[in-house]
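Add chain B to chain A, keeping to what the hints say.
Residue numbers (this note's numbering), protein chains in the order written: chain A, 1 to 348; chain B, 1 to 111.
One thing to keep in mind: the hints can contain errors.
[Claimed, not checked] Straight line, CA to CA, 20 Å or less: simulated EDC-like cross-link-like pairs of lysine to aspartate or glutamate:
{"hint": "1", "chain 1": "B", "residue 1": "K12", "chain 2": "A", "residue 2": "D138"}
{"hint": "2", "chain 1": "A", "residue 1": "K224", "chain 2": "B", "residue 2": "E77"}
{"hint": "3", "chain 1": "A", "residue 1": "K182", "chain 2": "A", "residue 2": "D138"}
{"hint": "4", "chain 1": "A", "residue 1": "K165", "chain 2": "A", "residue 2": "E155"}
{"hint": "5", "chain 1": "A", "residue 1": "K265", "chain 2": "B", "residue 2": "D16"}
{"hint": "6", "chain 1": "A", "residue 1": "K224", "chain 2": "B", "residue 2": "D16"}
[As the list claims (entries may be wrong)] If you only want the chain B side, here are some residues facing chain A, beta carbon under 10 Å, derived:
{"hint": "7", "residue": "E19"}
{"hint": "8", "residue": "S39"}
{"hint": "9", "residue": "S42"}
{"hint": "10", "residue": "K44"}
{"hint": "11", "residue": "E68"}
{"hint": "12", "residue": "L71"}
{"hint": "13", "residue": "K73"}
{"hint": "14", "residue": "G74"}
{"hint": "15", "residue": "E77"}
{"hint": "16", "residue": "E82"}
[As the list claims (entries may be wrong)] FRET-style restraints, in silico, Cβ to Cβ:
{"hint": "17", "chain 1": "B", "residue 1": "D10", "chain 2": "A", "residue 2": "M254", "range": "22 to 30 Å"}
{"hint": "18", "chain 1": "B", "residue 1": "Y61", "chain 2": "A", "residue 2": "K67", "range": "26 to 34 Å"}
{"hint": "19", "chain 1": "A", "residue 1": "G153", "chain 2": "B", "residue 2": "T56", "range": "51 to 59 Å"}
{"hint": "20", "chain 1": "A", "residue 1": "H231", "chain 2": "B", "residue 2": "Y5", "range": "20 to 28 Å"}
{"hint": "21", "chain 1": "B", "residue 1": "G33", "chain 2": "A", "residue 2": "E143", "range": "34 to 42 Å"}
{"hint": "22", "chain 1": "B", "residue 1": "S95", "chain 2": "A", "residue 2": "E174", "range": "40 to 48 Å"}
{"hint": "23", "chain 1": "A", "residue 1": "D94", "chain 2": "B", "residue 2": "M81", "range": "38 to 46 Å"}
{"hint": "24", "chain 1": "B", "residue 1": "P8", "chain 2": "A", "residue 2": "D39", "range": "26 to 34 Å"}
Calculated from the structure, these hints are not laboratory results.
This structure is a prediction, so every number in the text was calculated from the model and none was measured.
Just so it is clear, CB atoms sit at the ideal spot from N, CA and C, and this is done for glycine as well.
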Amino acid sequence: MKSLIAQSHSLSDPKVQLDVINNHNEKVKQLDKFEDKLDEISLFPLKPTGIEIFQINVGYMCNMTCKHCHVDAGPDRKEIMSRETLEYCLSAIDHREIRTVDLTGGAPEMNPHFQWFVDEVSKLKKHIIVRSNLTILDTRKFEDLPQFMADRGVEITCSLPFYSKRRTDAQRGEGTYDKSMKVLKLLNEIGYGKKGTGLALNLVYNPVGAFLPPDQESLKKDYKKRLWEDHKILFNDLFTITNLPISRYLNFLMISGNLEEYMEKLVTSFNPSAAMGVMCRNTISIGWDGNLYDCDFNQMLNLKTNHGAPDHIQNWDLGKLNSREIVVNQHCYGCTAGAGSSCGGAVT
Amino acid sequence: MEKTYYNPDDLKKFGDVGEFQKELADKFFDYYGTVFKDSALSSKEKALIALAVAHTVQCPYCIDAYTEESLEKGYSEEQMMEAVHVATAIRGGSSLVHGVQMMNKVDKLTM
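Excised from the complex, chain A in its bound form:
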């Protein structure tokens, strides 16, 4: 499967995506605007609580082309963060308030500077999270990475949209489930997911379709039971993440005729407590080209940090960024629906 951008699909244009989620039809147009919803609970303009998590999208290249991918990542994407930009990131990270460096993509492992960068960040004594699709670790080129990451205490947070093969493969491609199980077993063998090793192995659930995630704790118990009984696999935590109406998932919503109902569901499920804890309040997202965003979703919609805050890593200014106004739009309802959603799962 090609990325939307390689297909010259209209939804590869962020402006078209924003137009669709705001103006798809009369019902979608009439939905409450997200900023008005925040205003009702005195949260607008949305302000950071302080940047603690430095999330770097090191490139859109990926060995997979998942149907729901908000990045529109895939083998045909060539955008990769340069070493020069990574060096700017290192300078910014070297500050006590930045506690966590979260590496995402695409497949972050495919950035040619990945190992050098992880080494440099680990020297700064920061908590490192690598968001892995698992299958990349089942290739000869990357087979040494699990031990490399273990040696540096890197947390691995990986995609597994469901504990069953049927649903996982439906979203991520035929054969993904079996490869994922193989890699999870390998990670367990070197200590990941096991008590006392300090090597955190977390899984990410996201709905395979147009519905909201289940209760995180309840689902974690199901995952633990099924993965142990079926495969003798251990993991630490499960994060439930809501799909935001962006890119390929937005395309799915349109093709399947679910867009209006899904948007309505997100809006009617608005949870003020979740809004208080949205991840953009303590996270900054850095794009492959060094541009700054309030989150990875805003990055894909080309909504850069705004309102006078620096919008490129070369102009990094933690003070100004900590007092910025966060850019919001209708997709933000995805992070405030139900129990809320973030890169660390439910927020309530």
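Chain B alone, transformed into the frame defined by chain A:
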């Protein structure tokens, strides 16, 4: 008038039944909400029971609603279909067990 008896959008208007008789609708929806809360059975277990019952009463609104609810409670396709089979087994069994009544009648009427 609609050209079909069932319109998916009507499910969203369920609450409107109170326009004609508010007191009883309020009591019903209050009761309904209470039934589905976590209690001796979890709300997750209740969703799957509701899915099976929806198939028994063959209510398209209920099937739509509790299919989505079951997905959002974390059930797999296999679990949901097994629930439908439970409903089917009871429905089928309820017909078949009446075969005993037929046999009784045959015994009475025949030599």
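Against the structure, the hints come out as follows:
Of the supplied pair hints, the one linking B:K12 and A:D138 is violated, its CA atoms being roughly 47 Å apart against a limit of 20 Å. A threshold of 20 Å between alpha carbons decides the hint, and for A:K224 with B:E77 the separation of about 18 Å falls inside it, so the pair holds. Taking the CA atoms of A:K182 and A:D138, the gap is near 8 Å; set against the 20 Å cutoff, the hint holds. Taking the CA atoms of A:K165 and A:E155, the gap is about 25 Å. The hint is violated against a cut of 20 Å.
For the suggested pair A:K265 and B:D16, the alpha carbons sit about 19 Å apart, so the restraint of at most 20 Å is met. For the hint pairing A:K224 with B:D16, the CA-to-CA distance comes to about 42 Å; that exceeds 20 Å, so the pair is violated. Because the beta carbon of B:E19 sits about 20 Å from the nearest beta carbon in chain A, more than 10 Å, this interface hint is broken. With a cut of 10 Å, the hint placing B:S39 at the interface with chain A is violated, because the nearest CB-to-CB distance is about 15 Å.
Interface restraint check: B:S42 against chain A, minimum CB-CB distance 8 Å, threshold 10 Å, status holds. Because the smallest distance between the Cβ of B:K44 and any Cβ of chain A comes to about 6 Å, under 10 Å, the interface hint for this residue holds. At about 6 Å, the closest approach between the beta carbon of B:E68 and any beta carbon in chain A falls short of 10 Å, and the interface hint on this residue holds. Using the Cβ-Cβ criterion of 10 Å, the hint placing B:L71 at the interface with chain A is satisfied: the shortest such distance is roughly 5 Å.
A distance limit of 10 Å between C-beta atoms decides the matter here; for B:K73 the minimum to chain A is near 5 Å, and the interface restraint holds. Interface hint at B:G74: satisfied, since its Cβ lies 3 Å from the closest Cβ of chain A, which is below the 10 Å cut-off. With 10 Å as the threshold, the beta carbon of B:E77 comes within range of chain A, its nearest partner Cβ sitting at about 6 Å, so the hint holds. Because the closest C-beta pair between B:E82 and chain A is about 13 Å apart, greater than 10 Å, the hint is violated.
Between B:D10 and A:M254 the beta carbons are some 24 Å apart, a value that agrees with the proposed interval 22 to 30 Å. In this structure the supplied range 26 to 34 Å holds for B:Y61 paired with A:K67, their Cβ-Cβ distance being about 29 Å. Checked against the hint of 51 to 59 Å, the C-beta distance between A:G153 and B:T56 comes to roughly 54 Å, which is consistent with it. At roughly 47 Å, the beta carbons of A:H231 and B:Y5 sit outside the given window of 20 to 28 Å.
Separation of B:G33 from A:E143 is about 53 Å and departs from the stated range, judged on CB atoms against 34 to 42 Å. Between B:S95 and A:E174 the C-beta distance comes to about 41 Å, which sits within the given range of 40 to 48 Å. Taking 38 to 46 Å as the suggested C-beta distance range, the pair A:D94 and B:M81 does not conform, at roughly 54 Å. For the pair B:P8 and A:D39, the beta carbons lie near 32 Å from each other, so the given range of 26 to 34 Å is met.
Hints 1, 4, 6, 7, 8, 16, 20, 21, 23 from the earlier list are contradicted by this structure; the remaining hints agree with it.
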